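A.B. asks: Numbering (this note's numbering), first residue to last: 44 to 121.
The reader is advised that the hints may include incorrect statements.
[What the hints assert, rightly or not] With a straight-line cut-off of 20 angstroms between C-alpha atoms, the simulated EDC-like cross-links for lysine to aspartate or glutamate are:
{"no.": "1", "residue 1": "69", "residue 2": "107"}
{"no.": "2", "residue 1": "66", "residue 2": "107"}
{"no.": "3", "residue 1": "47", "residue 2": "70"}
{"no.": "4", "residue 1": "66", "residue 2": "99"}
{"no.": "5", "residue 1": "69", "residue 2": "99"}
{"no.": "6", "residue 1": "47", "residue 2": "107"}
{"no.": "7", "residue 1": "47", "residue 2": "114"}
{"no.": "8", "residue 1": "66", "residue 2": "114"}
[To be verified] Label pairs and their in silico Cβ distance ranges:
{"no.": "9", "residue 1": "44", "residue 2": "109", "range": "30 to 40 angstroms"}
{"no.": "10", "residue 1": "69", "residue 2": "112", "range": "17 to 27 angstroms"}
{"no.": "11", "residue 1": "44", "residue 2": "110", "range": "35 to 45 angstroms"}
{"no.": "12", "residue 1": "46", "residue 2": "110", "range": "13 to 23 angstroms"}
{"no.": "13", "residue 1": "108", "residue 2": "44", "range": "33 to 43 angstroms"}
{"no.": "14", "residue 1": "108", "residue 2": "57", "range": "16 to 26 angstroms"}
{"no.": "15", "residue 1": "89", "residue 2": "110", "range": "19 to 29 angstroms"}
{"no.": "16", "residue 1": "69", "residue 2": "96", "range": "33 to 43 angstroms"}
{"no.": "17", "residue 1": "44", "residue 2": "112", "range": "17 to 27 angstroms"}
{"no.": "18", "residue 1": "100", "residue 2": "76", "range": "13 to 23 angstroms"}
{"no.": "19", "residue 1": "76", "residue 2": "108", "range": "30 to 40 angstroms"}
{"no.": "20", "residue 1": "69", "residue 2": "115", "range": "13 to 23 angstroms"}
{"no.": "21", "residue 1": "107", "residue 2": "46", "range": "11 to 21 angstroms"}
Simulated from the structure, these hints should not be mistaken for lab results. A quick note: this is a predicted structure, and the numbers were derived from the prediction, not measured. Think of the CB as a built atom: it goes at the ideal place given N, C-alpha and C, for glycine as much as any other residue.
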Amino acid sequence: MRTKELKLVVTFHTTADAMAMEKCCKEREVPGRMIPVPRAISAGCGLAWCAPLDSEQQVRAVMDQVGLRAEAMHQCMV
44 MRTKELKLVV TFHTTADAMA MEKCCKEREV PGRMIPVPRA ISAGCGLAWC APLDSEQQVR
104 AVMDQVGLRA EAMHQCMV
């Protein structure tokens, strides 16, 4: 079982955006993984990208490069 840590959780308006984020991050070797949106957060599509806090600038850069918009970015225990 994973121990909970404070992570960056990026939520999206649509499932298509979440899946595009996963694809782009894997291609560019950006750390993180797709997760269901934590209960503490309310989000549109139900999927979120979870990454280490120290990778926030890298995550934002990838999103800017490919034109993805997040619904929100949270710091959450995951």
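A.B. asks: When you take the CB atoms of residue 69 and residue 96, is the distance between them in 33 to 43 angstroms?
C.D. replies: violated, 20 angstroms
A.B. asks: For the pair supplied as a hint, residue 69 and residue 99, confirm whether the alpha-carbon distance does not exceed 20 angstroms.
C.D. replies: holds, 15 angstroms
A.B. asks: Between the alpha carbons of residue 47 and residue 107, is the straight-line distance 20 angstroms or under?
C.D. replies: Answer violated: residue 47 to residue 107 is near 29 angstroms, above 20 angstroms.
A.B. asks: Between residue 100 and residue 76, is the Cβ distance one that fits in 13 to 23 angstroms?
C.D. replies: Taking Cβ atoms as reference, residue 100 and residue 76 lie about 18 angstroms apart, which means the hint holds.
A.B. asks: Would the pair residue 66 and residue 107 pass a check requiring their Cα atoms to be no farther apart than 20 angstroms?
C.D. replies: It holds: about 14 angstroms lies between the C-alpha atoms, which stays within 20 angstroms.
A.B. asks: So if I understand the rule, the pair passes when the alpha-carbon distance is 20 angstroms or less; does residue 69 with residue 107 pass?
C.D. replies: holds, 16 angstroms
A.B. asks: Okay, residue 107 versus residue 46 on CB: inside 11 to 21 angstroms?
C.D. replies: Hint violated: Cβ distance 32 angstroms, outside 11 to 21 angstroms.
A.B. asks: Is the hinted range of 33 to 43 angstroms satisfied by the C-beta distance from residue 108 to residue 44?
C.D. replies: holds, 35 angstroms
A.B. asks: Against the range 30 to 40 angstroms, how does the distance between the Cβ atoms of residue 76 and residue 108 compare: consistent or not?
C.D. replies: For residue 76 and residue 108 the Cβ distance comes to about 20 angstroms; the hint is violated.
A.B. asks: Quick one: are residue 44 and residue 112 within 17 to 27 angstroms, going by C-beta?
C.D. replies: Given about 33 angstroms between the Cβ atoms, the range is violated.
A.B. asks: Okay, residue 44 versus residue 109 on CB: inside 30 to 40 angstroms?
C.D. replies: holds, 34 angstroms
A.B. asks: In this structure, is the beta-carbon distance linking residue 46 and residue 110 contained in 13 to 23 angstroms?
C.D. replies: Between residue 46 and residue 110, where Cβ atoms are some 35 angstroms apart, the hint is violated.
Checked against the numbered hints given earlier, the structure breaks hints 3, 6, 7, 12, 16, 17, 19, 21 and satisfies all the rest.
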